[in-house]
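Trainee: Sequence:
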Amino acid sequence: MQISVQPYTNKPKIKAIILAIFQGQDIHPHAFYKGLPSAIQKTVFAYVKAKEFQGKIDEVKVLPFGSKGQVLVLVGKGEEKDWSLRSIRLLIRQIVVMGKQHRIKEIALTLEDFWLKDFQADNLAEIIAEQIYLAAYEYTVYKSTPPGGWPKINKVLILSKKHTAAEIKRGLKNGIIIGEAVNHARDLANTSGGDMTPTSLAEAAVKLAKEHGFKCMVLHHQEMQKLKMGGILGVARGSDLPPTFSILEYTALGHEEDKPLVFIGKGITFDSGGLNVKPETSMFDMHMDMSGAAAVIGAVSAIAQMKLPVRIVGLIPAAENMSAGSAYRPGDQLRTMSGKTIEVKNTDAEGRIILADALTYAEKFKAQAVIDVATLTGAAMAALGQRAAAILSPDENFSKKIQELAESSGDFAWPLPLWPEYESEIKGVFGDVANISNSRYGGAITGAAFLWQFAKKLKNWAHIDIAPTMTSIEGQYLAKGATGAGTRLLVAIARRIKL
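Using our numbering, the letters of the sequence shown correspond one by one to residues 1 to 499.
FYI, nobody ran anything at the bench for these hints, they're computed from the structure.
Predicted model only: the values in this text are computed from it and were never measured.
Each residue gets a CB set at the ideal place from its N, CA and C atoms; glycine is no exception.
Fair warning: there could be bad hints in the mix.
Claimed, not checked - Heads up, simulated EDC-like pairs for lysine to aspartate or glutamate below, C-alpha to C-alpha not over 16 Å straight-line:
#1 K366 - D285
#2 K278 - E180
#3 K345 - E363
Stated by the list, open to error - Here are the simulated distance ranges between beta carbons:
#4 H102 - A165: 22 to 32 Å
#5 E256 - K498: 15 to 25 Å
#6 G24 - T140: 33 to 43 Å
#7 S192 - A50: 27 to 37 Å
#8 K81 - K366: 15 to 25 Å
#9 S439 - I57: 37 to 47 Å
#10 K152 - K366: 45 to 55 Å
#11 K162 - G66: 42 to 52 Å
#12 S408 - G24: 27 to 37 Å
Using the sequences and the accompanying hints, generate a full structural model.
Mentor: Here you go:
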């Protein structure tokens, strides 16, 4: 896809012209409207006067005009008082999805149509480019190409009356990098469990490292045995596929001595539930249980391409959770890298077990902050629905900072409490810590309380449970399947967090 910038003209030579209007807004002053042929102006005015188009949210009208197959697309922005960064993101996606539905290959829009008070042109251009890429994405690897090909937009032209091409292009560059990184995370997560194994996940990280100039080292079974990573090795016992542990490192020039930010991503490449096997309906999308790992890989890739002035470490513990005679059992005691034992009460609470070893491994980096991202619990979805991930940290100020960055990045997340009182709920009877709570309530919190037992030595630790936002839902104007949740948030943390 090509996104280009052009000085303003009210007659762009492109197939589809987007005219975005607030509810109740006078259409006559709009720049594109002034350049339209008089016949189409009269048609548009008649639509507005008859209230067949009112500028409401989700309202779209496609009007053909001219002899060269051009169309004018009226899109509603809703009421001006409700206009926000969230509105901009959704409207851009809606325009792209509409274009694909109508097999429109080229669109033109004005930057000012999406303006928000106190925004800079490069910031807005970044958001627009990012959302164009997110909405244009479709996972078709396993599908046969239809006779007419897959509908896609080939060109987007951004026009502005007030801002230079240079400042807009600066934002477009970062927006494209982030959008592509999120989509790559979606590719990884959407890949079937038979193809996306722990080894192939590690290979994907190595490939991106070579392409974008960061390091990636992969530990295999023997190295993990030497490190006594009994959590990862225990979960992996039931699978024929060996586990991997990938270490991604990006260091900007001159930042070699910085304390890094450490991002940890859960990499369960398929989760059957183990011997506590999942119900049929809960197992179908469990090839996406490595979405946290995909987010970390995508984020480190974007950070390296953007050449951010930071030092980043990404840790990817990866394993398959399967049922077999060799599988770990309820009642087993797994000794982790930390020396603590995990009392297995349920083999379907495996993600936290592999993260336990990764959190201990993170201690060696003496990081300024450690953030793990995982599709950890259905309980987080029960608490928050499917529109926000859960943030949990013993430091409420740290949670608040992450929440603010989640809002600004579009990877929405909301804090849940993590108080010392919750620790009593995950104490083991025969081992040090149990992998599920002795209470049926608050599973998202007690899952984080479990992880906390392995994060005590870490400064500024937070757990982000992305299970609620793992897949797209109706009204988001995103293709079905993985969303790449967490990728944009991790990039925003690397760019903007102040500790």
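Trainee: Each hint needs a verdict: does it hold in this structure or not?
Mentor: To see whether the hints hold, each was checked on the structure:
1. About 36 Å separates the Cα atoms of K366 and D285, which puts this hinted pair outside 16 Å; it is violated.
2. Under the criterion of a C-alpha separation no larger than 16 Å, the hint pairing K278 with E180 is inconsistent with the structure, at around 33 Å.
3. Of the pairs offered as hints, the one joining K345 and E363 is violated, with about 27 Å between alpha carbons and a cut-off of 16 Å exceeded.
4. A hinted range of 22 to 32 Å for the beta carbons of H102 and A165 is consistent with their spacing of about 28 Å.
5. The supplied range of 15 to 25 Å is met by E256 and K498, whose beta-carbon atoms lie about 21 Å from each other.
6. Between G24 and T140 the CB atoms are about 40 Å apart, so this pair conforms to the stated range of 33 to 43 Å.
7. Look at S192 against A50: about 50 Å separates their beta carbons, and that is not inside 27 to 37 Å.
8. The hinted range of 15 to 25 Å is not satisfied by K81 and K366, whose Cβ atoms lie roughly 48 Å apart.
9. A beta carbon spacing of about 41 Å between S439 and I57 agrees with the range 37 to 47 Å that was offered as a hint.
10. Checked against the hint of 45 to 55 Å, the pair K152 and K366 passes, with Cβ atoms roughly 46 Å apart.
11. Separated by about 27 Å at the C-beta atoms, K162 and G66 break the suggested range of 42 to 52 Å.
12. Against the hinted window of 27 to 37 Å, the Cβ-Cβ separation of S408 and G24 comes to about 29 Å, which satisfies the hint.
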